[in-house]
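Going by the working numbering, the first residue of the sequence shown is number 407, and it counts up by one from there.
It is worth saying that the hints were derived from the structure and are not from the lab.
Here are the simulated lysine-lysine pairs, DSSO-like style, with alpha carbons at most 27 Å apart:
| # | residue 1 | residue 2 |
| --- | --- | --- |
| 1 | K696 | K642 |
| 2 | K789 | K433 |
| 3 | K604 | K660 |
| 4 | K433 | K702 |
| 5 | K696 | K644 |
| 6 | K750 | K778 |
| 7 | K501 | K514 |
| 8 | K807 | K778 |
| 9 | K505 | K807 |
| 10 | K789 | K807 |
| 11 | K772 | K807 |
| 12 | K695 | K750 |
| 13 | K772 | K782 |
| 14 | K702 | K604 |
| 15 | K433 | K778 |
| 16 | K644 | K660 |
| 17 | K660 | K696 |
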Amino acid sequence: MPESANSELNGKTALTSRERMAVAMRKGIPDRVPGMCQLSLGHYLLNTGIPPARLWHCTESFVEALLTLRERYRFDGILINLPGHPENWQEDIYKIEEKSDAEIVHWKDGSYTLCPRDDNVQCFRQRPGGNEHIRDIKLRLSIDDIDINRLFYENPHTNGGLKYPYHYYDIKRGYRNPENPDDWFPEYEFRAIDLLRKATKGEVSIHGEFFSPFTQLMELLGYENALMALITHSEKCKAILSRFSEGCAYYCRKLAEHDVDAILNSSAFAGAGFISRQMYEDYVLPYEKKCWDAVKYDYPDLPCYTHTCGAIGDRLDLMESTGLDGIDTLDPPPLGTVELHEAKQLLGTRVFIKGNIDSVNTLLHKDLEAAKEDMKQRVAWGKPGGAYILSTACSVAPYVKPDRLEALVGICEEYGRYDNY
Numbered sequence: 407m408p409e410s411a412n413s414e415l416n417g418k419t420a421l422t423s424r425e426r427m428a429v430a431m432r433k434g435i436p437d438r439v440p441g442m443c444q445l446s447l448g449h450y451l452l453n454t455g456i457p458p459a460r461l462w463h464c465t466e467s468f469v470e471a472l473l474t475l476r477e478r479y480r481f482d483g484i485l486i487n488l489p490g491h492p493e494n495w496q497e498d499i500y501k502i503e504e505k506s507d508a509e510i511v512h513w514k515d516g517s518y519t520l521c522p523r524d525d526n527v528q529c530f531r532q533r534p535g536g537n538e539h540i541r542d543i544k545l546r547l548s549i550d551d552i553d554i555n556r557l558f559y560e561n562p563h564t565n566g567g568l569k570y571p572y573h574y575y576d577i578k579r580g581y582r583n584p585e586n587p588d589d590w591f592p593e594y595e596f597r598a599i600d601l602l603r604k605a606t607k608g609e610v611s612i613h614g615e616f617f618s619p620f621t622q623l624m625e626l627l628g629y630e631n632a633l634m635a636l637i638t639h640s641e642k643c644k645a646i647l648s649r650f651s652e653g654c655a656y657y658c659r660k661l662a663e664h665d666v667d668a669i670l671n672s673s674a675f676a677g678a679g680f681i682s683r684q685m686y687e688d689y690v691l692p693y694e695k696k697c698w699d700a701v702k703y704d705y706p707d708l709p710c711y712t713h714t715c716g717a718i719g720d721r722l723d724l725m726e727s728t729g730l731d732g733i734d735t736l737d738p739p740p741l742g743t744v745e746l747h748e749a750k751q752l753l754g755t756r757v758f759i760k761g762n763i764d765s766v767n768t769l770l771h772k773d774l775e776a777a778k779e780d781m782k783q784r785v786a787w788g789k790p791g792g793a794y795i796l797s798t799a800c801s802v803a804p805y806v807k808p809d810r811l812e813a814l815v816g817i818c819e820e821y822g823r824y825d826n827y
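Produce the entire structure from the sequences given, and follow the hints as far as they go.
Next up, the structure:
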């Protein structure tokens, strides 16, 4: 039903989506369980009709995609999982080449970006001094070559891909290495927050995202090399993580200045599929804690939560020790190791829980009725005492049928009501 048709509940005015999420994220009991999923970029591409080059590089088009699917699915919140771009982004383009499965953006400096119609982009640039193109994400340095003083924050979703030393890709000015911390994050990077706040009239919960120090280390060195470096260069890894945590804290403050309702820490590689519980204590916990401590010092009431994929059932207590307000994903078996009712018993309402629907085995491979039954079960397990948000465990897979997601908030409305509201 439309949100406007749900204005009364037990004689009281129902909460707006933003209010509902705020209560749940502050470990309270709202009028009903909120519903909000993180959507993969491929899902936006396949279900909005926005060309991939525009979705990735035009902030207005990306915001249009966010609003279109939020309205269709009636989610209570929106996660902004791409940084903003300048309004004049097209001025730097030589041409956009159309392929059956992708668009290729050819930039005026000879670089190009491959934009698939159902997946993330791949950025290529010319090797300095030559005509050969190289893919930034494949430029892996030895950890011995990295100057820690030239690190601060690495975002693989900026225009040139992941780069070292970090710089914003600017066609007109070439590659520049800003020294002032404010220059690391151009104001246009936060445009999507401002546009969404205006478009939703303050009624929808809007969340910003940053990449955790450990994720940045993994992306900087490459997954295999980074995991090896934890063993062979432990102290230097810790120094790199400490430096990245400073950049994360700075970026989070910028997000908070733009009035996000919550901040998500994307820490995808910190589960048991990558590192042990002891390695989590050594290489993840202290640096994520530094991030959250910095945010809470300036914005004590701003909800902060962490997204970690896969097998995290053995480290929920360690995640809580980072100082977060909520835990996202909680992949159930076979994708992960978290049974929601067990996690709820362990964590209580000390932190809010978001997730636990299997996006692949449930939403992608099961029929609609089976998916609904699964959602009902998650609500039954997560609802008691509040502090639960119904969501997929990880991002919604690109080819999940929209009717699965259209059913999600309806399940919240029918089975997620709180009698004492």
